[in-house]
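Asks: Sequence:
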Amino acid sequence: MEQNFQNPQILDFEIPDFEDLKLTAVSAKYLKIILFNLGLFSVFLITAAATAFYFFYFNLSLIQIWTIVIGIFLMIAFLFLNMLIGFKFRKYAVREKDLVYQYGWLKRSVIIVPFNRIQHIKVEQGWFSKILGLKSVSVFTAGVSGGDVTVNGLPEDIAEGINHHIRGTISKENLEDEGEA
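Per this note's numbering: the sequence shown = residues 1 to 181.
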């Protein structure tokens with residue numbers, strides 16, 4: 001049995017440009033969820049610091065106390081700014097054969113998951129997401145790392161549409177593969 005395997009080199013000018021890809025931003029309502037979670041974390045952090053001050057106050061100098069207070073304030077402020085600025089870079093695109101997800105502002109990441117590599121897909125909705133009418137779509141691949149993608153903050157109808165599109169495409173490819181065998 002002879003195999004005719006070819007793998008020709010692609011020249012630089014033949015590589016598709018992802019800058020031309022039209023990405024869609026996640027729902028602006030999702031920012032409320034992010035800020036709510038960050039607010040809860042901030043309250044927990046301030047409570048933990050206040051509890052530590054209560055029990056260990058006698059061992060700290062005034063400079064140490066102010067250093068800790070300013071450090072906590074700066075960390076919370078950085079986290080809020082990071083989330084606010086980074087939110088506008090959370091975008092996705094569903095193409096004919098793959099799912100593209102972009103995130104991050106300090107370190108921009110673009111993940112492309114081909115549908116034929118997806119092992120399973122999950123649509124989730126938390127209690128706060130349910131109030132806002134949002135869902136998350138997670139796709140899982142067989143890859144070791146970096147292949148799993150979760151797109152949070154999608155309107156319910158779009159999340160279900162992506163779910164049905166991916167499942168339909170995978171089913172269609174599986175039927176075509178069985179027909180060739």
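FYI, nobody ran anything at the bench for these hints, they're computed from the structure. Glycine included, every Cβ here is placed at the ideal spot set by N, Cα and C. One or more hints might be untrue.
[Unchecked claim] Subject to a maximum C-alpha distance of 16 Å in a straight line, what follows is the list of computed EDC-like cross-link-like pairs (lysine to aspartate or glutamate):
#, residue 1, residue 2
1, 29, 156
2, 97, 173
3, 130, 176
4, 122, 173
5, 97, 176
[As the list claims (entries may be wrong)] Restraint-style ranges between C-beta atoms, simulated for each label pair:
#, residue 1, residue 2, range
6, 4, 25, 38 to 48 Å
7, 48, 167, 17 to 27 Å
8, 131, 110, 44 to 54 Å
9, 67, 116, 17 to 27 Å
Asks: Next, verify each hint and record whether it holds.
Replies: Hints and how they fare:
no. : hint                    : in the structure
1   : 29 <-> 156              : holds (12 Å)
2   : 97 <-> 173              : holds (10 Å)
3   : 130 <-> 176             : violated (37 Å)
4   : 122 <-> 173             : violated (19 Å)
5   : 97 <-> 176              : holds (14 Å)
6   : 4 <-> 25: 38 to 48 Å    : holds (45 Å)
7   : 48 <-> 167: 17 to 27 Å  : violated (44 Å)
8   : 131 <-> 110: 44 to 54 Å : violated (31 Å)
9   : 67 <-> 116: 17 to 27 Å  : violated (54 Å)
Checked against the numbered hints given earlier, this structure breaks hints 3, 4, 7, 8, 9; the rest are met.
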